Each structure stands twice: as structure tokens, then as C-alpha cells.
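Each chain, written out:
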Amino acid sequence: MNNAQLTLSELKNGTHGRIIKIGGGQQAVKRLSALGIVPGKEIVKVSGLPLHGPVIVDVDRTQVALGFGLAKKVFVEVLDENSAGR
Amino acid sequence: MKILLVGNPNVGKSVVFSQLTGTRVISSNYPGTTVEYTRGYLNLNGDRVEVIDVPGSYTLEPTCKAEEVAVAMLPHGDIVINVVDATNLERNLYLTLELIARQVPLIVALNLWDEAQHKGIVIDVPKLETLLGVPVVPMAAIRGEGIKQLVARLPEARSGTVTWQTTDERYATVGRIVRQVQRVTHRHHTLLEQLEDLSVMPLTGFILGGLVLFCAFKIIRFIGEGLIGFLCEPLFENWYRPFLQKLSVALGGTGPLHDLLIGQLINGQIDFVQSLGILSTGLYVPLAMVFPYIVAFYLVLGFLEDFGYLPRLAVLFDGLMHRVGLHGYAIIPMILGLGCNVPAALSIRNLESHRQKFIASTLMAIAVPCFSQTAMIFALVGPHGGLYVGQIFLTLFCVWLTLGLLLNRQLAGYTPSLLVEIPPYRLPGVKVLAKKLYLRISHFFKEAIPFILLGILVVNLAYLSGFIHLLARACEPLFAFFFGLPGDAAIALLLGFLRKDVALGILAPLNLTPEQLVVASTVLAVYFPCLATFLILLRELGWQDMLKVTGIMLVTALAAGTFANLALNRLGLLAWIGAGILLSLLILLEVTHRKKEASA
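Respectively, the protein sequence lines represent chains A and X.
Numbers given in the numbering used here equal positions in the first sequence, counted from 1, plus 1044.
Numbers given in the numbering used here equal positions in the second sequence, counted from 1, plus 6.
In case anyone wonders, no lab produced these hints; they're calculated from the structure.
These figures come from a predicted structure and were not determined experimentally.
All C-beta atoms, glycine included, are put in the ideal place defined by N, C-alpha and C.
Any given hint could turn out to be false.
[What the hints assert, rightly or not] Calculated from the model, a selection of chain A residues having no Cβ within reach of chain X, i.e. all distances over 12 Å:
#1 Ile1064
#2 Lys1065
#3 Ile1081
#4 Ile1100
#5 Asp1102
[Claimed, not checked] No farther apart than 20 Å at their CA atoms in a straight line, the calculated lysine to aspartate or glutamate pairs in the EDC-like style are these:
#6 A/Lys1074 to X/Glu358
#7 A/Lys1074 to X/Glu74
#8 X/Lys252 to X/Glu231
#9 X/Lys224 to X/Glu311
[Stated by the list, open to error] Every beta carbon over 12 Å from chain X, so not counted as near; a handful from chain A, in silico:
#10 Leu1050
#11 Arg1062
#12 Ser1077
#13 Ser1091
#14 Val1103
#15 Leu1114
#16 Phe1119
#17 Glu1121
#18 Asp1124
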């Protein structure tokens, strides 16, 4: 599993990862970077909600919720399956 | 002189604002937008200085309406106070660097200093000052710490020393500064933080959410009923009634003017609920029945907002709301609507796009019964058994879902994905809550009360002129055919325009069968919001869209009423099975549609 590339929506809860790239339009990249979600950042996936609901990640010691559509555009490499959190 | 407060959302900007300014605060919309901002005044060495709380923004390259407004306001400030979250320098400093690049006289308020210390974050303030080239004042605004120092150092505000940079260079600079001034020591999760995580987990999140909403409604009910019982009703009964009675006698107890001002006497007495005069019912409904609940609602809403629960609620319901073309935050008007549709209608303006406003208004007005309506349904239908009551609410939920799925498919455009920061749980300050409550209540007085009065006048005229009776007679055959209801019920349904609970009250003496009651309650719940809600929506959406909403409403009411009639009187379970199949088909269609979209 190590170093596998997944989207945020596919990532398991509690997984520690690093953002590789953001596949999406200029607008999506801009919105995400305003909240600190840029390539190179390390994140921990906290939760993913049912009914294709949002994905919640820890980034820079804050939590950010990304709608399912956006979460699918964020690609991460897995660093650690069971991280302790922030 | 003007001072602007600029900063990311959730950094306690409005707390700093409350601490700086006096009691006179004004909230207004930025010209040509629905973005609200607040301004107040600060006494600076005898001078009255205007302080403006600029909408929260992450960057000066706007990604949304609020940020566009923030950028537009920037040139109007003589001093900019940049409120920065000490617990999250990485993200906040990006905006600081952008502000410095604009060469505005700047001072940094390093807020949430206490929280940063709790989290084991140590920041070298003098070094940060040197690196940025502008004054930096650490503060814990919620406790009033650091406010005096901030005011004292305002004259030192100056433009910093950073030159023009590209986005990437700016991020690199932020990283370099943070590495030089910040040290983080490790520590364990606190209890509140564990609660934060549990609030957004699928299972525990929904359990906690249910609990929060249940408690919220209990508290709202308690405060609302308390205000009515101990304040509003005694005031009206003891102080206002004698005055009105004298006026009634002076006007001769009858006649057009009397009917218009005081209304019909019920058993020789003025009845505040049923007389329908402008001075009786017209004042009583908004002031003694709606207002107490408005206060209760906004108090609880303000608390949940400042505590940090609302973004979590939005996250929990985002999945469901996206299916009907809304995003998570639209859950707020829906929940408010369960209490009273008036504040719900007022809160719809906070939604982002016109499309979302339209969908949310339609769904809220049609399928969300307000509290007084719910109470009347329970009182009227409840004695006949929970099954009947259950059927009404199940029908309403199906209507909500069906309508939402259909609207989402038919309306042009799409709803962008949710993207929000989820702030940590924080105990709100009393001063901030009080100011917010004051602003919202004055908003309600300005925006809602005149419309309610106008509405009562219109209904009153329609009633007095006999127009309503004429309309009821004309509708009679329709009602009998589609809903299986007697002609008298038509008057009640038409009067429902004014107050739904009153209309249900008129149904009571008609000796309807339980089945007929269910049909009537369903139609009444669906077909119109009360006049106050209607008029507020009219102003928010405009004539054209409101006409569309009304059309949808009439069709839906006809369909829901006919369905209820069929289900109860003719087909029984078959009708429900049919509806179930139809709904599943719609959901299936939506799922395949989404799959196609995903693969495209």
C-alpha cells in the first residue's frame, strides 16, 4: 500500500498522506489553495460521510471539509495507514 | 478616519470588533450584493473613528463574493487591522503578506493567543514584527486581553517591507517566517478536540447532531414560551386590551373602520388571534406570537454559530442536500423553518447562488411545516392515532425529496462542492452574542414586521369584501373532487394564508373524519407559507421567481392532497407503493445521472 496514489475520497479514515496534485480547473485549485490544500502539504483524513458526503481532513492543525466532488480531485500519496492524528 | 478589520474566517474578527466598538453597530449589505458587513464606532483619544468588520477572506485574489467585497473595501481604510489566528500562522500569514504587498498601513492583531498557548504553540512576537515590518499585538480578544495595547499602538500602523511576489514565492516566504518564529511542542488530544472529531464521524456525528438539534428545540421552546407567558401576553392583556376596548366602543363596535382596525368581535370580545384587525391581530401575531420565538431562535442559533457547531451540521447533511441541488449550509433554513418560516426565509439570503436560493425557498415554503403548524396537526389529528400524524409527515418528507430531485434536474446550472474550514469548538462571548442578537432582531423589525402588517391588511380587506367567501364557493367542486373535502373547509384553507394554525383551528368544528383531517392538514401544510414568509420570499426572489414558486406550490398541493385522498379513501397501501416506486425511480435516475457525470 505504501506510496500508492489515491484520491482523498478513496483514502481510509485515519490515514496520513501527502498531497501530490490537484486535478481540476483553475477555480478548484484556487479555492483549495486558499484553505492551505496545495501539493506538498501533509494531511490526515479524519472522516468521510455517507451519501457521497464531504471528506474531512486535518491540514495545518485545522480541519477542512471538502465536498465529495472536490475530494475526488485531490490526489495523495499514502504515508502512514494509522496515524495518531494532528 | 476609517479602520478596517481584515482576516480569515473563524479567527475571532467579530470578537475583536465587538471589543473595539460601542453599542451602536449597524449591519448593512455591500451595495449591489447580499454580502453583509458590520460597522461601529471607536473612541480614539476623543475622536470618533469608524470601524468596519470586513467579510472574512483567505486571500485578496477573490474566490467568492465575500472576498470580492473585502477587496473592494480595502482602498477605503486609513488603517487596516489584520486579525490573525495564532494557532494557525501558516494559513493566516498568506493574507498578511498580500496586505503588506498592497502597501496599506497595517497592524497585526495576533488573536487566540491563549488558545495557541494551550495547544503548545510558542510564537516569537518581536521576531515576527521585525520580519513583517509591522506592529504585532498578541491578544485574547474574547477575554478582552490585548485590546488596550492594540488601540494604543494603532498610530504605529505602517506598510511593511515585503516586495512583490508570485503565489509560490509567497507560500515559501510564509514557510520561512513560520519556521523562524514558531515552535510547537507535542501534546495530547483534549476532550473538546475528541468531541470535535466525533461530531464529523458518520455514526457518532449523526447521533450527536440529533442530540444537539433535540436540545436546541427544547431550549427554543422553553425560551419562546417563557417570553410569551411572562412578558408578551401579560403586556397585551393588561396594558393593551383596555386601550383597544375603549377604541372599539368609541368606534361603535361595528362598521367598516372598526372591522379594519379592530376586526370582528368574537362573543362580544376582542380576540387577539381571530379578530383579524390591524391593531388587534395585526400587532399581536408578529409581536406576541412570532417575536418571542425569533428571539429564542436567534439566541440559540447565535450560540451554535459561535460555538462552531454549524459548519459540522452542514457537513453532516451535505450529502443529502447535494441530491436536491443545495449544499450543506442549506440545512440551516430547513431547520429554522421547522420552528418558524420567517427567520428561515430571512436566512435564505445567505446562500450563495440564485439557483440555491430558489430551490431552498421552494422546498422550505412547501414542505417544511413550522412549529405552530406542527403543534396544530398534533392537536387536531393526534387524537385519531399516530399513524395518521405519521402519514402527514411522511408525505411532507416525500414531497420535499421528490421536489428537490426534480428541481435539481430541471434547473440550469449546478451547485459547487462544499469547501469550508471547520473551526475548533470555542465558548462564545456574551458581548458578541448580545450584539449579534440585537442586529438580527432589529433586522426582523425592519424587514419582517411591516410586511406582516401589510399582509394582515390585505387578508382583512379580502375577507371583509366577501372575496374569500366567493373564492371558497368557486373552489368547492374542486375541493370535493380532488380532496374529498366539504365546501366549508375551503374557507379554512384560504385563510391559511394568514396563519396556518388559525386555519387548522377553523377546521376543528367542521366534524371532519380523520381521513379528511389528514388530507386537509397535508394540503394546508403544502400549499402556502404564511403571508409573512410569502412576502419576505417575494422580496428576496423577486416577482418572477415567486410566481414560479407559487405555481409549483399549487401543483404540489393539488398532487399531495389528491395523493393523500387516494391513499386514505380509495387505494390505501397501493397509493403508497405507487409513490414509493416513483420515488425510487427518481433516485435511480439521479444515481445513474451522477455516474455518467463522473465517468465523463
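Against chain X, does lysine 1065 of chain A hold up as non-interface, every C-beta pair farther apart than 12 Å?
Answer for lysine 1065 of chain A: holds, closest chain X Cβ roughly 15 Å.
May I ask you to check that aspartate 1102 of chain A keeps its beta-carbon over 12 Å from the closest beta-carbon of chain X?
Violated, because the least Cβ-Cβ distance between aspartate 1102 of chain A and chain X comes to about 9 Å, which does not exceed 12 Å.
At 12 Å, judged by beta carbons, does isoleucine 1081 of chain A keep clear of chain X as stated?
Given that some Cβ of chain X is not farther than 12 Å from that of isoleucine 1081 of chain A, nearest at about 9 Å, it is violated.
A cut-off of 12 Å on Cβ-Cβ distance, and aspartate 1124 of chain A was said to be off the interface with chain X. Does that hold?
holds (16 Å)
Non-interface claim for valine 1103 of chain A, where every Cβ of chain X lies beyond 12 Å:
violated (9 Å)
Can you confirm whether the C-alpha distance between lysine 224 of chain X and glutamate 311 of chain X stays at or below 20 Å?
OK: lysine 224 of chain X and glutamate 311 of chain X at ~18 Å, within 20 Å.
Lysine 1074 of chain A paired with glutamate 358 of chain X [C-alpha distance capped at 20 Å]
Status holds; Cα separation ~18 Å.
Keeping to a limit of 20 Å between CA atoms, is the pair of lysine 252 of chain X and glutamate 231 of chain X held or broken?
violated (29 Å)
Was glutamate 1121 of chain A rightly flagged as not at the interface, with every chain X Cβ beyond 12 Å?
holds (20 Å)
Taking the shortest Cβ-to-Cβ distance between phenylalanine 1119 of chain A and chain X, state whether it exceeds 12 Å.
For phenylalanine 1119 of chain A, whose nearest Cβ neighbour in chain X is about 16 Å away, the distance exceeds 12 Å, so it holds.
Looking at isoleucine 1100 of chain A again, its CB stays over 12 Å from all of chain X?
violated (5 Å)
Distance rule for arginine 1062 of chain A, whose beta carbon must clear each one in chain X by more than 12 Å:
holds (15 Å)
Violated hints for the displayed structure, listed by number in ascending order: 3, 4, 5, 8, 12, 13, 14, 15.
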